[in-house]
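Student: With the sequences and hints as input, model every part of the structure.
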Amino acid sequence: MKREISMYVSECDVCQRIKADHLKPAGMLQPLAIPAWKWEDVHIDFIVGLPHTQKGYDCIWVAIDRLTKSAHFIPIKTTYWANQYAELYISWILQAALGTNLVRSSAYHPQTSGQVESVNQILEDMLRACALTYSTKWDDRLPLAESAYNNSYQKSLEMAPFEALYGRRCRTPLNWSQLGERVTFGPDLVTQAEKHVKFIHKNLKRAQSRQKSYSDRRRRPLVFEKGDHVYLRVLPMKGVHWFGVKGKLAPRCGPVAYRLELPPHFAAVHDVFHVSQLKKCLRVLEEAVDTSQIQVEPDHALGS
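Residue numbers for the sequence shown follow the UniProt record's numbering, so the first one is 1 and each next one is one higher.
Derived by calculation from the structure, the hints in this document are not laboratory data. Check the hints yourself; a few may be wrong.
Stated by the list, open to error - Dumping the calculated SDA-like pairs for lysine to any residue here, alpha-carbon to alpha-carbon at most 25 Å: (1) Lys226 with Phe266; (2) Lys24 with Phe224; (3) Lys55 with Leu144.
Tutor: This is the structure:
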């Protein structure tokens, strides 16, 4: 009976929705594949809610090359349409119209693009310092912030993003005398660039292995099967449950991501979620026992 009571309590729908988890975050760290070449894989994000500048900008578009960690900070307006973003992407980054494939991150899991989130934090710190003096001209200081970031040493690269991208350190007044004229030309320049990229690959693989080893100590594996019913985590705000939406799992999308059959009113939400946003439903309500059909004799009582 004790086991049955424990199982019944653990399957309580209200408890599964309301009570906070005290377990390690679900899902082991899955490092992204290292790009083969520079600007082959680009992560983008937006920093919004900024004060309007004299030119009308109120947002920053952050674009990062995943291989070299080089970044572009582009001032934009929240009223821009998709075609305007495409024109900015071409003029600022590609310089030519090339075909690209958009790969979405899993819903409500910004760690998928952890690199761009980290750069956002660095940029926001820079902007806060600039806003103290240039509250309406922060867009004029973005090139300086971009240059400062791209010339900062990166532990995972063992060099600055500028050097990783262009194969040489940036010429600045601080090291003007240390950098001479370029002495490599033609095929030797291509060979040198390929060796440089291989060196970056080796450093990034070492960094990813170190980061995964450290991160997995604080995580736990979690696996679901197709057809399982799960709860979807929602924001723990006042009046909102910890796990408020329940759906059925569709085919798995990766080691730690699942596609969820969402209710119709969530049709606008991207349906792929990280396992840390999911919690297994121990009992489906449709399968619950209907207590109204249970017949209890009035003369039956508990106890001796």
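Student: Looking at the structure, which of the earlier hints fail to hold?
Tutor: Violated hints: none at all, because every hint is consistent with the structure.
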